[in-house]
Amino acid sequence: MISNLINRKIFTLLKVQYSNMLEYRVEIALWAISGIIPFFMLNIWTSNALNESIKISDIMLSRYFVSAFFVRQFSVVWVVFSFEEDSLMGKLSPYLIQPINPFFRYFAQHIAEQITRFPFALIIAIFFFVFNPESIWIPNLDILFLSIISTFLSFLIQFLIQSIVACLCFWTEKASSIERLLFIPTLFLSGLLAPVASFPEYVKSWIFLTPFPYLIDFPANLLSGNETNISGGFSMQIIWILLLFPVFRKIWSAGTKKYTAMGS
Amino acid sequence: MKNIIDVKNLSKSFDISSKKPGLKGTIAHFFNRKTKSLRVINDISFEIKEGEIVGFLGANGAGKTTILKILCGLIYPSQGSILVSGFLPFRRKDNFLKNITLIMGQKQQLIWDLPPIESFYLNAAIYDLDRFEAKKRIKKLSDMLEIDEELFIPVRKLSLGQRMKSELLAALIHEPNILFLDEPTLGLDINAQRNLRKFLKKYNKETNATICLTSHYMKDITSLCKRVICVHNGSISYDGKLDLLLNKLSPIKEILLVCRSEEDAIKLQNSGFSIKNKTKNEITIIVENKSITTSLKTILDNFDIEDLYINEPPVDEIIGKILIKKDYDI
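Protein chains in written order, with this note's numbering: chain V, 1 to 264; chain G, 1 to 330.
Mixed in with the good hints, there may be bad ones.
Below 20 angstroms or equal to it, Euclidean Cα-Cα: the simulated SDA-like pairs (lysine to any residue) are [as the list claims (entries may be wrong)]:
| # | chain 1 | residue 1 | chain 2 | residue 2 |
| --- | --- | --- | --- | --- |
| 1 | G | Lys-297 | G | Gly-272 |
| 2 | G | Lys-36 | V | Phe-103 |
| 3 | G | Lys-34 | V | Phe-103 |
| 4 | G | Lys-98 | V | Thr-210 |
| 5 | V | Lys-174 | G | His-29 |
| 6 | G | Lys-205 | G | Ser-85 |
| 7 | V | Lys-258 | G | Ile-16 |
| 8 | V | Lys-257 | G | Lys-297 |
Please keep in mind that the hints were generated in silico from the structure rather than gathered at the bench. It should be emphasised that the depicted structure is a prediction, and the values quoted were computed from it without experimental measurement.
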């Protein structure tokens, strides 16, 4: 009964947010196109033969970056910007007095956006394969399923990190500036610009203690068929979620007590 | 009737930082930000009974909106005890939130790019209503609000009045028994304001919902609220019947009498009434509210009156006095 109610809430939220996202299909197509950094990086790597130093073939490297592109497409998070705007403009107040945590709305927005984004991402990937037919591969169903799960877990980690940062809006009006600071390690350490395998050993040893390599590198390696520690990767993703979730709950609870409902 | 809102010794302070103008002030503010605690609500107590419509009056910044925000659980109080429908509002328990609604003029919860009907079904799901019940309530409320086709037009294309009606529907779909309305008629034209007031009266009558209302439009207050709470600098300066307050602040009425002849007017001028002015056969007298009936009877019995007009000072003017005064001991 309770699960039915929750399901109906989430299903309706998703349905409504999907309808809303379809109103922005042009913007979403542009966002999808703006996520082609991995293809640029692939070009830099292969044209300079950098992959030879880390013993990854051209084909495997191109599969890695295509996978990184997909993982990035389905784990992009912008909750801090939406929350900051809603908080400053007073839109948060009506959400706060509804019997559902406002972050469910943002969560549904993200999922709806991912569903809307999917065909555009697929078209971009098809274009890539047309020009690089040697990179085409079909992952087996088990790997595909695990990759989808790890991409979703990556999304959850990023969503939780940004939600924690977003909650800082209760103390400082410009929490998004903290997110911009976090974007730097995310960009460099997540595997978006380079596979983490290419980093020096001593750097790798501490990178793997952070959540960043589990955002892109782990799911992309998994999907592309590169060597990776599957159980270790999933364990770390789950550990980070379990660590971040209570922090989010705590900061949310403390933040709502500080809420001044400005702008409304 | 039992109390549905019970507030005792409520206070609220905000930390605010101040900055001096100019570059020097900006640099000083950057390196050494000074904050001070500002008490916006100052030890107030009041009770509201189930089904009451209470107007909160006060100048801008007096604290009336802050009171509403505390009552609906948006803001955490600094001191005091509050019970709304048996709940501590700031804990925002689901059962409490299902009992209340907050409507802020010009602030919207509807999804901008979608027709309002989508937001209604979303709210219905959030408040655990099944599709059938939601449909029934949307039909009932849209009939009451006299909206129909607007439900299927994207919110961004609706007029302010249509949007406000849709906002109301979205906010009332769960049939709350306490409504917090912060300037609900802000920006609406006269007809839309009147329709909204008509709807609120009807909703209150049909559901016995309690309504707490702030508005700068005195017509909202006079046509909806029997009781008002006047807030001045975070304190309550008056809490009681609106009629009593108006009577106290404006105990007299002016009566313009048009006599059949100038002789009658002169006769009336010398009959002992307090005269404000006289021109030919027209004479304006001042009468105390409590003796208006007897005075009129005497005049109509003894003088040949062609026409008469009773002028009351505008309510806005009277209420305006409240906003700048600290205490009204009635």
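Query raised in the report: Is the Cα-Cα distance between Lys-34 of chain G and Phe-103 of chain V 20 angstroms or less?
Result: Roughly 33 angstroms separates the two Cα atoms, so the pair is violated.
Report task. Sort out whether Gly-272 of chain G lies within 20 angstroms of Lys-297 of chain G, counting only the CA atoms. Result -> Distance ~15 angstroms between Lys-297 of chain G and Gly-272 of chain G Cα, so the pair holds.
Requested in this report: Quickly compare the C-alpha distance for Lys-205 of chain G and Ser-85 of chain G to 20 angstroms and report which way the hint goes.
Outcome: Holds, at roughly 19 angstroms.
Requested in this report: Could you grab the alpha-carbon distance between Lys-98 of chain G and Thr-210 of chain V and see if it respects the 20 angstroms cut-off?
Outcome: violated, 41 angstroms
**Report entry** Pairwise hint evaluation, Phe-103 of chain V against Lys-36 of chain G, where the allowed Cα distance is 20 angstroms at most
**Finding:** violated, 32 angstroms
Requested in this report: Mind checking the alpha carbons of Lys-257 of chain V and Lys-297 of chain G for me, to see if they're no more than 20 angstroms apart?
Outcome: Since the Cα atoms of Lys-257 of chain V and Lys-297 of chain G sit roughly 62 angstroms apart, the hinted pair is violated (cutoff 20 angstroms).
Query raised in the report: Taken at face value, is the distance from the CA of His-29 of chain G to the CA of Lys-174 of chain V at most 20 angstroms?
Result: holds, 16 angstroms
Query raised in the report: Given the hint that Lys-258 of chain V pairs with Ile-16 of chain G, does the C-alpha gap stay at or below 20 angstroms?
Result: holds, 13 angstroms
In this structure, the hints that do not hold are numbers 2, 3, 4 and 8, in rising order.
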